[in-house]
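Following the hints, put chains X and W in place on chain R, whose structure we already have.
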Amino acid sequence: MTIQRMTLGATAAIVALMGSTALAQDAETITIGGLATLEGPFAGPGEDGLRGVELAIHEFGGEIAGHPIEFISASSDGNPDVALESARRLVEQDGVDILVGPLSGSEGIRIAQYAKEQPGTTFLNGGSAAIETTLVDPAENFFRFNTEGAQWTAPLGKYVAEERGWDNIIIVSEDYSFPYAQIFGFMATYCEAGGTVEEKYFTPVGNNDYSSVIAQLPIEAGEVDGMYVVLGGSDAVNFLSQYAQMGGQLPIVGGTNVTDQTVLTTQGPARELLPGILSSGPVSDNADLEAWQEFVTLYQDYYGDEGLPSPSLFASNYYTNTKAALLALQEVEGDLSGDHEAFNEALSNLEFTSPTGTVSLNENRQATAAIYINEVVQQDDGSLALEPLERIEDVDQYLGLEREAYMDLGLPSRENPSCPS
Amino acid sequence: MRLIIPLAVVALVLVYPFVVNSFWLVQIGGRTLGFGTIVLSLVFLTAYTGMLSLAQMTVAGIGGYATAYFTAPTGGVGVLLPWPLALVLALGLATLAGLLIGLVAVRTRGIYTLMITLAVAMAFYYLTLQNYDIFNGFTGFNNADPPVVLGLDLGAPLPFFYLSAILAALCYAGVRHVVRTPFGLALQALRDEPDRVRALGYNVPLLRVLAFGLAGFIAGIGGILNLWLNASISPGSVALNPVIDVLMAGVLGGIGHPAGAYVGAFVFTVVDNFAIDFIARERFNTLIGLIFLAIVLFSPDGLTGLVRRVSTRWARAGRRDKGATRKTKDIGK
Amino acid sequence: MQAVADKQAEALVVEGLTRRFGALVAVDDVNLRVATGEKRAVLGANGAGKTTLFNMIAGDLPPSEGRILLAGEDITALSPQKRVLKGVRRTYQKSLVFGGLSVRDNLYVAVRGATGPRLTIWKRAEAQPDRAETDALAERVGLTDRLDVMASDLSHGEQRQLELGMALAHPPKLLLLDEPAAGLSSRERESLVEMLANLPRDLTLILIEHDLDIALKAVDYVSVMHNGRLLAEGTPAEISANQEIQDIYMGRHGK
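Protein sequence lines correspond, in order, to chains R, X and W.
Here the UniProt record's numbering is used: the first residue of the first sequence is 1, the next is one more, and so on.
Here the UniProt record's numbering is used: the first residue of the second sequence is 1, the next is one more, and so on.
Here the UniProt record's numbering is used: the first residue of the third sequence is 1, the next is one more, and so on.
In short, the hints are calculated from the structure, not lab data.
Just so you know, not all the hints are guaranteed correct.
What follows is a set of in silico ranges between Cβ atoms, one per label pair, in the way DEER data are often shown [as the list claims (entries may be wrong)]:
| # | chain 1 | residue 1 | chain 2 | residue 2 | range |
| --- | --- | --- | --- | --- | --- |
| 1 | W | D135 | X | L306 | 33 to 43 Å |
| 2 | X | D277 | R | Q379 | 44 to 54 Å |
| 3 | W | A9 | X | A173 | 47 to 57 Å |
Some chain X residues well away from chain W (every beta-carbon gap over 12 Å; in silico) [unchecked claim]:
| # | residue |
| --- | --- |
| 4 | L7 |
| 5 | V10 |
| 6 | S22 |
| 7 | L25 |
| 8 | G92 |
| 9 | L100 |
| 10 | V106 |
| 11 | M122 |
| 12 | L152 |
| 13 | L207 |
| 14 | N241 |
| 15 | V270 |
Here a beta-carbon is modelled for each residue, glycine too, at the ideal position from N, C-alpha and C.
So that you can see chain R by itself, here it is in the shape it has in the complex (with noise of 0.2 Å):
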């Protein structure tokens, strides 16, 4: 009788529970999920992404065409079965319309791939820039208006072949997805434009002892012309530690992440071999551009001492992505009928102008958009930033190869691409 009695209250406890989550949808109010990496070693940068969602629904006024925006947040740690739990939370329990997220790359190819089975619910990206995402059977309703990887390097593979006169280079790296995307949008153009690379040295990410890979390292350049260090954070500035003190003095380019704030405002010996390196991205310390300016001064406004000093590359990722649904919206008026098709359509359609300038999509629903060759400078106040050489505009999905040929080239791998010398 006692448990029989215990089993009806736990029915009617679970039942109770369930009933008080699922949200009632509120036919005007428009949802919008934010996807971030709240812990783990990105809390950091996932917190800013979603200061950029934020800041996207209050230029708005929190309302489009008289509906509602409602903002729902949910975390990750970098690891994609928690961003699919996550996701899958924010759509089917939450009810969202629209999700922004999430912030890493193997996180994307995961919610990419959720974005199919829900059909009912547009996603966009927030700032994971893995290749494959809007690449490999891409979903009809995942749009990404932030460039990847590939995108952010290409341009300087081309620059330091064309300009640099390099045909000969090493490359050292961190041993995951996003380094290979960066050096495979590297090599597309530098192998492209002759060049050779003689050895790529992968290592694992957080390590701190470089030795064994700096003793294979040319001292200076000779043979090798240069080396291309894809490297980010406390990883980058170890290792350009116990080059520049091993007294190495190859020619350094580097990846995105090589020259984030994090390792421009490092004090060791790593300081005195930055000025002078050559990264590519999206964003340039020193860029007059308009958009970026007012951009800065919004979120400065909106978060004063809560936000960073200066917004980071997450937050713009996620208020770009987060805008261009907003944009969207307003186009079709809030009208989400029939799984969005008018939306979807209108997201495909945008053109727009995000902080690092002019973004449309091309047929993967991926961004089209300029890139910065950037160059360390140490600034009169003798801090180091980002001095923009060149800006190449509309840089797309392909590298600015046809389709066929950047679809030859395959996947990035450690292997591949590959031009030894």
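Coordinates of chains X and W only, in the frame set by chain R:
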């Protein structure tokens, strides 16, 4: 009376899909059953052999990776096989992995077993991360969908839920059956007094290794369900967090009884998905830690233990006039 | 006890058995001959080396030197499992029963072990043909009405009965009992002596005992160990009468 709880559970599982949305069906329900089966493999080891393992998610991962390798080759990695063969291979490999881990762990006890199985788990994680020929490195396998059998897409929410429920029920019933066989009795004897078991003529290390093998088989089934739930697997699926989650869910539900595996998996999944509604995400681990601590302090045999004790107390109160008290324990029955 | 002429009639022969732990010689060149069906006690103070001797005979500990013959066959190198199959059973000083299992399951684990542990997982214990053997065992040690009780719920005396029952599964040829009377009440001791007296005639028994009364009541012949060596052997009457042994043994024991 004995049948009431099982029947209620069966009825709940049958009705469940029709009262919940797809999130509760797949993400909570499906995950509870798949993840719970992995937890079951740990509970089996702990409750009936007295051994702890932190490598059960790893074994499940081997089952998942093998299934993906043989059913969803990607980027030149993998060999496409008919799915029944792929599943047999995957379960075989998971069992083999269980046996091998058993071989490594069998000479150790307590905290040392935990440490050595944790070492195995972390070694496997780094292997998947850095090996491209078999595990496809950081990216792992995507698009690993369940098969379509006789026109029925097992990946669709409802069939997937029932598939998970059937497999979980079979694993649960299997464990309950095995512990009553001569093999299972020998394992429990081993748990209580290993020296004596040896003196009775048993090969103690062999028994332990076989127990790990069986746990590997069960974890393999859970691993395949977990793979299908996400349609993908990557090193993140076998990283430290999920490895620890199995132990957490086990302790939460009660490591002394197989039902605790699913109770723990359910509670863990719900907390995991809804904690963000009540608490800032960066405090999530603190919350889980506190719940964990409370369980360990106030009900070392987990939630099932708590329920059992409360119900025994009620039952005793009801029968007090007759003076009848049950002397036997439920464990192992 | 008359000397045994035929080697084949000797259930157990121990020759020059020695065990060292580093510099300590726990068992030092011990020779034993135990006839089939004989009931033998090994007496000695704590640390005399009795349990180490048992561990070597049962196979739990390899000897440093010497050999062990079971019914004329050298078993020195056999694993404990193989010795069980050959009919050697032992109990431990401390009660070792499986607390989480019922008395019947305890006995059944012993039955399965003694018959060569076939680890089947297909049929439940209840459906196995050899399950019935547990009834006879329980009756032998007076636990028939306790068969469905958890072993952890038994009294200490009952646990020792159960242990004996487990050791008797699938009748052994050589039974080694390590202090079977430890911790028993005087009434329980009496019933233990009775149980030992009722063991099958062809079963060879060696028991370690502190309690001289029990040992002398239950056995045919006594070996006394002191500091790892065999000090004396004789019938219970001879040993009781030996003042030197009484002094050493009692003095040590403080009784």
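Is the distance from the Cβ of D277/X to the Cβ of Q379/R consistent with 44 to 54 Å?
46 Å, holds
Checking a non-interface call: every C-beta of chain W should be farther than 12 Å from the C-beta of V270/X. Is that right?
31 Å, holds
Does the claim that L7/X lies off the interface hold, with its Cβ farther than 12 Å from every Cβ of chain W?
22 Å, holds
Within 47 to 57 Å or not, the Cβ separation of A9/W and A173/X?
54 Å, holds
Checking a non-interface call: every C-beta of chain W should be farther than 12 Å from the C-beta of N241/X. Is that right?
Given a closest Cβ separation of 33 Å, the condition holds.
With respect to the beta-carbon atoms only, verify the hint that D135/W and L306/X lie 33 to 43 Å apart.
For L306/X against D135/W, whose Cβ atoms are near 38 Å apart, the range 33 to 43 Å holds.
Non-interface claim for S22/X versus chain W (Cβ beyond 12 Å)
38 Å, holds
According to the definition I'm using, a residue is off the interface if its beta carbon is farther than 12 Å from all beta carbons of the partner; does M122/X meet that for chain W?
Holds, because the least Cβ-Cβ distance between M122/X and chain W comes to about 32 Å, which exceeds 12 Å.
Distance rule for V106/X, whose beta carbon must clear each one in chain W by more than 12 Å:
Given that every Cβ of chain W is farther than 12 Å from that of V106/X, nearest at about 15 Å, it holds.
Quick one: work out the minimum CB distance from L100/X to chain W and report holds if it exceeds 12 Å, violated otherwise.
19 Å, holds
12 Å Cβ clearance of L207/X from chain W
7 Å, violated
Beyond 12 Å from every chain W Cβ - status for G92/X:
17 Å, holds
The structure fails hint 13 only (numbered hints given earlier).
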